[in-house]
Every structure is written in C-alpha cells, then in structure tokens.
Amino acid sequence: MEKRLIKVTINGKLRELFVKPNDLLLNVLRNDLNLMGTKYGCGIGECGACTVLLDGQTALACLILAVTVDGQEITTIEGMGDPAQLHPLQESFIEHGAVQCGFCTPGMLLAGEALLKENPNPNEEEIREYLRGNLCRCTGYAAIVKAIKSEAKCQSADPGTLSE
Amino acid sequence: MKTNTKILASEFEYLECPTLAEALNCLSKYNGKAKILAGGTDLLIKMKSGLLQCQYLIFVKKIEALNYLISDKKTLRIGPMISLRSIEKNEQVKAYYSALFEAVRSMAATSVKNMATIGGNLCNGSPAADTAPPLLVYGATLKLSSIRGDRIVPVEEFFVGPSQTVLESDELLTEICLPDLGDQIGSSFLKLGRVSADIAKINVAVCLNRTGKSVGNCRIAFGSVAPTPIRIPEAEEILKGQEMSDELIVKAAKAAAGLIKPITDKRSTNSYRQQVSKVILEEGIRSAWQRAGGEL
Amino acid sequence: MDFQVIGKVLPRKDGIAKVCGKEPFASDIVVPHMLYAVTLRSEHAHAEILKIDTSEAESMGAVCITPTEVPDFTYNERTVSIPEKTYCDRKVLPRRVRHVGEAIAAVAAETEELAFRAMQAIKVEYNVLPSVLDPEEAMKPEAESLYDEILLGKQQLKVKHNVACERNIVIGDPEAGFAAADYIVERDYDLPRIYHHQMETKTVVCQPEANGGITVWTTTQTIHNVRQLLGQIFELPLSKINVKKLSIGGSFGSSIQMNSMIPICVALALKARCPVKLVSSREDDIHDHVKFPARIKLKVGVTKDAKIVAADMRVLVDIGAHQINSYPLLGCMSGWYASLYKWQDFRFDGTAVYTNKVPGCAMQGYGNPEVNFAVESHMDVIANECGFDPIEFRLKNYVGIGDEFWGQGPTVKSIIKSCGVEEMLAVGAEKIGWSERQSSQAKTGRYRKGVGIARGFHTSGTGGPKPGEVIDYSSATIKINEDGTVDVLSPVMDLGGGTGEATVKVVAELLKVPYDKVELAIVDTRTTGYDVNTHATRGVYCGCGAALHVAKQVKTKLLEFASRILEENPDDLDLSYEPEEKKTIIHVKRFKQKQISIGEVAKLAQIYSWGTIAVSDSYRQRNCPPCFVAHFIEVEVDTWTGIVKVPRAILLADSGTPINPDMLEGQLIGSLSRGLGYAAYESTENDLETGKLLCGGFITDNKIPTSCEMPLMDNIEVYFAHTYEPTGPFGAKGIGEAALNSVAAAYANAIYNAIGIRFYHTPITPERILQALEGGASVEN
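Residue numbers (this note's numbering), protein chains in the order written: chain A, 1 to 164; chain B, 165 to 460; chain C, 461 to 1241.
Among the hints, a few may not be true.
What the hints assert, rightly or not - Once the Cα atoms are required to be at most 20 Å apart in a straight line, the calculated EDC-like pairs of lysine to aspartate or glutamate come out as: (1) Lys704(C) <-> Glu669(C); (2) Lys153(A) <-> Asp1174(C); (3) Lys146(A) <-> Asp1122(C); (4) Lys117(A) <-> Glu255(B); (5) Lys1105(C) <-> Glu91(A); (6) Lys473(C) <-> Glu124(A); (7) Lys146(A) <-> Glu1177(C).
What the hints assert, rightly or not - Pulled a few chain C residues facing chain B out of the computed Cβ check, cut under 7 Å: (8) Glu518; (9) Phe576; (10) Tyr586; (11) Ser741.
Note that these hints are calculated values from the structure, not bench results.
The C-beta atom is built at its ideal place from N, Cα and C for all residues, glycine as well.
Turn these sequences into a full structure, and let the hints steer you where they fit.
See below:
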C-alpha cells in the first residue's frame, strides 16, 4: 500500500507524516511520534483508553484511520500539560486520588477537559454520562468524578468569569 | 482466533472523496469492490474482526454537502454525514423530535458519537440500531443516490436483515427526510441495555398525534426483537382514533408484546425481551401522549 | 497516634507522570531494532497438533517458533507455593491445545501488520479431540481426559477423571455437630467465570543482551518470580536475566504468575537474536485468564439460641485447561470459610477439575469472594429461616480477637490481634438505618427498596509463625543521600493501590524525613532483594514491614555515625524533624541544641570515608492478620424490568492504621464497582458446544460497570474502624482484596430484602430477576 502525506497539527505543532491507508491514528501517535500517553485498551471503541481530542472533540484513536485526519488538529495527553506546567484538571486528578494504575487516566483527563469546555459547570449526572465510554477498573469512578466536579467549581468560581 | 484489534491488518486502496459526485463516481467505478467509510465506528470494527474486507475504501465523511440538519418546523432534512453528537445537541431535534433525541442520547460514548454518523448507523443495518425506530415512527424516507440517479425509499423498506439493507453496491445514502408530522404530535424512545451506553437489548419508539382526547395517527417501532427494526401496525391500530386511557395503553402494549418474536442471544433472552417490551412500550406511549399535550 | 506522614493525604509519587501520560507501562517500552510479535491461537477447544507449517510465514520474512523449537519444560506459572506443592502442567508452547485461544505458535516481524499476516499464513494440522466443558461431566469416567500425567514438584502424577487436585479438611466431628443442631440449612451456590478486565493487556518486551542474557519488561505482580522461572525454562543463569519493575495498568490477580506469553516472547527473541515486543490484543487477553468460578454446597447446623455447631462445605472449581494455582486456591478457600465464623466442627471438601476452557487464575480475593458469597448469603438464609437478626447472628458467631485465622489455607495461621468487626457492624447499621428495615412482605409497588449486609475479610500477607506451603518475605534497600534525601529500592510491585506511597511514608515516618525527600528508585531484579509477589493483600503489611525493618537499621547506622561526630553515646541520640528549618536532625535526647542534620552526617561520613549510610535486608512477617470489611448496600429493584439500582452503599474497613486514607477509600470504592460487576453484570462463559467464549473475545459483550452504574458520590460513605495492628508497620494491615469480598453477598441480601427472592448464582441479571418474580422464590434462582 502506498503511503500518503498528511498534514496534521498535533499538540499545537504542524506535522507532515507519511502514513499507510490502514494505519490507525493510535499506532501513528504511539509508534511514529512516540506519544505513548494514548493507550490501546480494546481496539473497538469500547473502553476510551485511546481518547484524543480531534478538532477539540473527543475521538477514539483506535477507530480512526490516520489518513482521514489530514488537515485536522489533534491533542493528546502530552499536549494537555506537562510536568512543569500541569493543566488544572491534571492537578485536580492528583489531588483527589483519581489516579490509581493510571492506564485510563489520559483518556479520562481528555474527556473531562472536553466536557468542561462544552459545559463549564456540569452536575454529577452530566459528568458520569460524559465519562461512560471511558472505562476504569480501579477507582470505581468516584474520585475521577470528584476531580472533574471540583475543577468545574474552581473554574466557575474564578472571579474573572463572574458577571458581578 | 485470527483477529488483532491493535492494528488494521487488511490492505485496501483509500479514496477520499470531498464531493458527492466524486463519491458516486468512485462507487460506480469500483462497484462491488468498494466499501464506504464514514465515522468508522462500525466499519473498522468489522474490518478488524475479519467480518468485512474490501479492495477500495471510499471516505465520505468530509463531504460537506452531506453534513447538515435543516428544520423548517414542518419537516426535517438530515445529511447522513452529520455526527450523532451534532444531532443530539441540535435544539430543534431536542424540542420537536423527542424520539430521535432520546435515541441519540442513549447511544454509545460521547467520543463515539462525535465520530459516528447517522448515515453509518442506518447503513450498518444492525437490528439494534438506535436511530432506526425513531425514523420508522416518523415515517422517514431515505434518498439513495448513484450515478444512475436518485430513489426515495421509506425507511420501513430499507432494512432487509442483519447487516443487510436495500442499498445497491453503487448507492450512497444522501438524505434522511422526516415528513410533516402534523400538529400536536409527541414522540418518545426507550431502551434497555446491560449498562449505560450499551447496545440495546431492546428499544422502542412511539410517535402519535393527539386530537383532543383521542389518538390520531400513531406509529410504534421496536429494535432488537427481529432481524430488522420493525413496526407493529396491529398495536398502532388499537390506539388510532381511540380515546386515550390507561386501559388502552395496556391493551396496545400487551398486543405488541404478543406479536414480537425476539430471540435469545448473548445480550438477553426472548422471554425477557417479550416481557419488558410491554413495559417500555407503555411508558413510551404515555410519554409521547403527554408530549402531544395529552393528559392521563 | 500522632504521626508525621502516616495517615496524611499526600500526592502519589507517580501522579505527575501518570496524568501527563509519561509513566511508562510495559506496552510503552520501545527498544531500538525491536521486532513485533503476535501469537497464533487455537480455534479448537481440544486438539492434538499434528503439524505446523511455518514455511510461508518465514518466506515473508518472519521469525516463527513452534512447540518443537522451544524448551520442553513443564511448569506452573505461579511460583508462590513451595516447589513440592506446585502442580505443573504447562509448556511454553503445547503439542496439544486444551482451550480455544491457547497460543500454539508465535511470529515476530518488523511490523505488527507483517507479523499478523505471517501468523495467518501458518498452517496447522489438528487432530480434533472431544472437549470437556462442564466440570461435573469432566469427572465422569467416560469423559475425555485433558492430561494423563502432570508433575507435582518433580514427581510425576497420574490425573484421574480430570481431577486436577483436591483438598479435604475435617476439623472435629461435623456429624456429631449436626446431630446436636436444632436447624440444618443447606443450599447450593454458583459463581461464574469473569474476566479481570485490567485496562492494560498483558505485555512483554525481551531484549537479548551481548553477554548471552536477557532483559525483560513485562506486566507482572512479581519481577523476581518471572526472573527465576525464566532462568529454569531457558537454563540461563539468574545473573544474566534482568526483569525491570514498571507500573502496571491494573492487574487484579491476572499477573500473579509469570504470564505464559513471557517465555514465548523470550523464545522468539532468542531465536531472532534481537529484541521482541509482544503486546496482547484485548481478544488474546480475554482468552488468557479468568477468575476462578465455583460451585459451592454449604450445609450449616445451628442451635435455637443462634449458635453455629457444625458446617460442611463442598467446593467444585472448574479451573479450565491449566493449573495456575488451584491447589493453594482450594487451601485458601478452606481458610476463608474456616475463618469467617466459628463453625465448631466442620468439613471442607474442595475439588479442582480440568476442562477445555481458559485457565482460571487468581482474581482479587483468590476464592474469597466466591466463599464469601455463599457463606454471607447463607447467614441471611439461616437468620431468615430461624428468626434471628442477621447482624446479631453474625456477631454471635464471628471469628475475632484471640481466635485463630487461616491466612492462606490450613498451613498458614496466626492469632487475631486486632479486629474492628463489632464497631463496623454497629456503625454500618446506624448509618443505613438497620433498625427501620422492613421485610420484603411489607413492600409493594413497582420499585422496591431493600437493604443488605455482608461482612468479610482478607488476609494481610501469607506470613505465619512457621513457614507454610507459601513463600512469604520481602526486601528493601534504603540509602541516605549526602543531602539528607532518601532513596528507597523496593521490589514490591505497586498495582495502583498506593503500596509505593505507603512504603515511602513508612520510611519517612521512621526516619523523620518529609515525604517529598524520600523517593522510590527505578529498580529491577538485579538491584533489589527478593519479594514474593504483590498478592494476598500483602503490599503494605509485608512490603512496608520489610521497609520498616530496614529503615530501623538505617536509623541505627545514622545514629552510630552521628554519635562519632557528636561524640555522644548512640543510645542517647534521637531523630526528629524541624519543620521550620525543613530538616531532619539527630540530637541528644532532651537537649536539642546539640544536633546535626542527617544530610550533614551522610556528607561527613563520605568526607571521612566511613561509607554510605545504606542497608539492604529481607524480612518475613510472622503473622497474617485479617483486614476486616463490612458492606451495607441499598438496592432499588424495578419489578417490571428487573433492573436494579444502588442508591446507597456504606463501605466499612478495618485496615488497622490507614497509611494512605485517600487511597484506602479509593480501594474500597473501586472494589464496590468491581463487586457490583460481579454481582450484577459480569460473566465470561463459554459456548458449551464449541468451547468458544460467548463474548468472542470482545468487551462489547463482556460488560463491566461504567461511571453510570455507580451510586452518586454523596451516597457512598466510607468508614475506617479504629484499630491498631500490633504486628503491622505503624499499626497497619492490608485492604486490597478484602475491599471486594463481601460486596456481592451484600447486594444479593439487599435484593432479598427488597423482593423476597434469594439468588444463589451471580450475576443477578434483570433477566433472572424477572424470571424469578414470575416463577416465585426457588432454590434454583
């Protein structure tokens, strides 16, 4: 199969990549770009471990052909924050004990981030519904939900965003 | 055991079609050898699990002309490449097409809905497709296009069997059209899965018009109880023209439960499906009636 | 007790790396020039392999291995028991396949796609044999045999009627006990096979080294056992095998053993003479391991005054195609049973049977959730039939302080020294409103609520006063750096529950060093002493026990060096932390003015060439204290659809001193989710004709609970009993497995309280509830 050139913005950086038509985005990210935070969990879109943001919306890299994202923008967990400058939601996850084995964590964080962009002050049911495609076998979800809820509160309590 | 869901091992030629005309040309040119890739959430799973192979893969999701939702309050026209998530978030759908809204809301994870299209959900031909019962009760029609021309198929005639539709190998679904449903309509969708966002063990949609205290037109459709999503005309007849009452609802639901012949599979049993069909249909009729402004 | 770091909520050491996606798991390891491997797995449940033709695959440029090209070594992948109690039946690659999905050949190539295509090009000729898929059928004389002979240690052992192993234990005179009973209650329980569903699939990367050795990165709960078993299989000196310690993406028991794919990958790497990476697909993984199912017959004799006088438990475990650890499993099941209540005179008969299914292996609780479901359901059945209050009945008969506890079957026992059972049952009853509980007869309408209680425990480790059938000790190396910071080298795998943080806290507490000045080193089998395994809820009790033991020696050494500098007797010195100066000092007791910081001591020890202040040692805990739990669960049953919601749950734990209270809570809530899965949703069963998994290997039809199946945050209450385990590090015991054990029984008891129907099998699905509501209460449910 012939490789094709695609131009993709990954974590804010424009990349030119040669990919085969049957290359999954998941494997391009992991194997070609060494972005190992995006995980293989089930390969059939049922677990959410490979969640990335595609043009700002959550998508599953295990069910995306890399050729199809030409011209689009992708954020992986590595683009969300880094150890020197954590994203507030990443801090909240650590603070609330939302991390155990850590394998679902990148997907959970990206889903949480997409949710808060869409709905800055979600209630618990809305958070749970949004996360239902991200499976976690360790935590029972409570600490993850708490971490997102707390971050939502922080954001909405930010004086800069209040109208008063 | 010859699958590997970490990769997509099968090889094919990839054809990206930015316009409808190109897509139809490709479909015609590679007639029978090509498959259509939209959101990929069903197709790629089938390819990974070896259930489907193709020589050419035609990517149509980026055809802008097929990505729309136009509502004029009387009718609704849906471009098949619109994502399920966009339908869920559409205010018109939420306000006037409750069954469709509830169906997409009940479906899959947010990420899957961002990727998946309504066209894909229909053309995949699953008996459990959640968007099918609402479209059946709305009396939707589907526009199927090829370079030979267009044809309009009522959604009722679209499904033939599991993974089978009337779509010819050179055809593409190009529009879903919901007709004028008249005044004082109400619709609803209910589903039971094993966990949240699951494939339906059973689902049901109801759409009815209210004329004062009586039911006007009425449609009922179930999914996951037959090889295709199906309507239950006998139960609809029980409701039509009758004054609405709890007894009437029970009667219609009981009749429907007696008519469906679900199977036992890995997701549920025939007797369970039969029993709960009554429960969810009763609830479905009630909520459609109330949405139509009726009282109980 | 007033602690400096123990019991404080502090950020995980690996938290930043994990939230940034930078924590390496085995599946993230990349070695230059590595090949990718895939396995060829059997389509048949039972067949002899007549021929494997790899020529086409090899012509595609792939490296292949078949049963004839790997060491012919029979092993058991779990090497926790002593060798003479270890049953071995497994080969690196078998010449006879015994379950659908068993690996029979493997392929490595430059890309995974090529390896996969090459694997598809391998031709296998099978002689298909009749398969045995029901454990009761398997024991009939006419049933096909899976094995003629296996090994027990090094002894050959004939297998009769597919019975893998048995354990029969009689204490006292059960017949006489039953004769004295006023009531005898007997029931059958059935617990299913379920899949671990750990998020990271099993993985291994093997790099052959220039010295003829190998380096291995893999998903495991025990780096040292992996190393030792690889040494035996490949006849390599242990000094040339190095297994790296990594984070693991969940395990729940699935990697208690040296996973069978590890030697396959090593064999490929040795043949290819280059690094090979083998990552299981999810479907490979589902065909690799499953929780042990159990059919349990339980008979209990009780007197009118609610005193238990006799019990008899018969357990049949369908272990599948291999013994990963069924002999110790049966022993443990006898122990979980023996230690729940004072049965007085009792019997345990356990049988493990081979069938042509995915091999069962440990999964959180190791037989305890199965036994607990039977016993804790039974306690409710008895209470109901005999008119006792379920809580008082339990309190009257439970095994508690001063009683003997079987921590790992009949050979590992110790006396209970801390116990929070009474406190937890009292607090739980109060919180859930037990006294207002109504019987199911009082409930009407579509939605019916019910409240259920179950209690349980797990062992903390497998230590005992005398060595038993199970190996148990751990090791640690602790080093004071020249600036006063501390390196801890621990072989103990942290499966995500926070064992690593607990280790840091224990060391920090003893050495009076702040948490952020103690770090866990990146280690491997070469740089650490032996630790048996992160299993048996032993991470904190045994792992931290060893760290404490070593930290004490480091403290002695520190004080000794300081005494030379301060010219004082070491016995007159003490350690303390000065929060204002943010340093740890050694000072004369009751005279803090004469002091020196530990960093200065370490630095001076270097300048004076006295040496590094470091100690490496091993330690065996001589007890196995139970960590107790209790679950009070409220359910709401929709009697029209059979759908059950859990509006409320109260989770109570006696873990001794909570070292990581936040992670302890996380373990309890996580276990609630897994327990609800076990009780209500999960089942990984086979088609009884073909032996194929009904889910086909995909999680689409192998559901675990999502975020929406759990009670809301405010409706889950967690409570820690106020206990102190005198033998544990700073009073701590374990929690991991205990947290799960009584969830399913509490759920079933709550359903009984809601609708008056007792369920003896899990999962209790809406289908079964509706069927039972139609058919009425019956022992068949």
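Evaluated hints:
| no. | hint | in the structure |
| --- | --- | --- |
| 1 | Lys704(C) <-> Glu669(C) | holds (14 Å) |
| 2 | Lys153(A) <-> Asp1174(C) | holds (16 Å) |
| 3 | Lys146(A) <-> Asp1122(C) | holds (13 Å) |
| 4 | Lys117(A) <-> Glu255(B) | holds (19 Å) |
| 5 | Lys1105(C) <-> Glu91(A) | violated (32 Å) |
| 6 | Lys473(C) <-> Glu124(A) | violated (28 Å) |
| 7 | Lys146(A) <-> Glu1177(C) | holds (14 Å) |
| 8 | Glu518 | violated (18 Å) |
| 9 | Phe576 | holds (5 Å) |
| 10 | Tyr586 | violated (13 Å) |
| 11 | Ser741 | holds (5 Å) |
Going through the hint list in order, the structure does not satisfy hints 5, 6, 8, 10.
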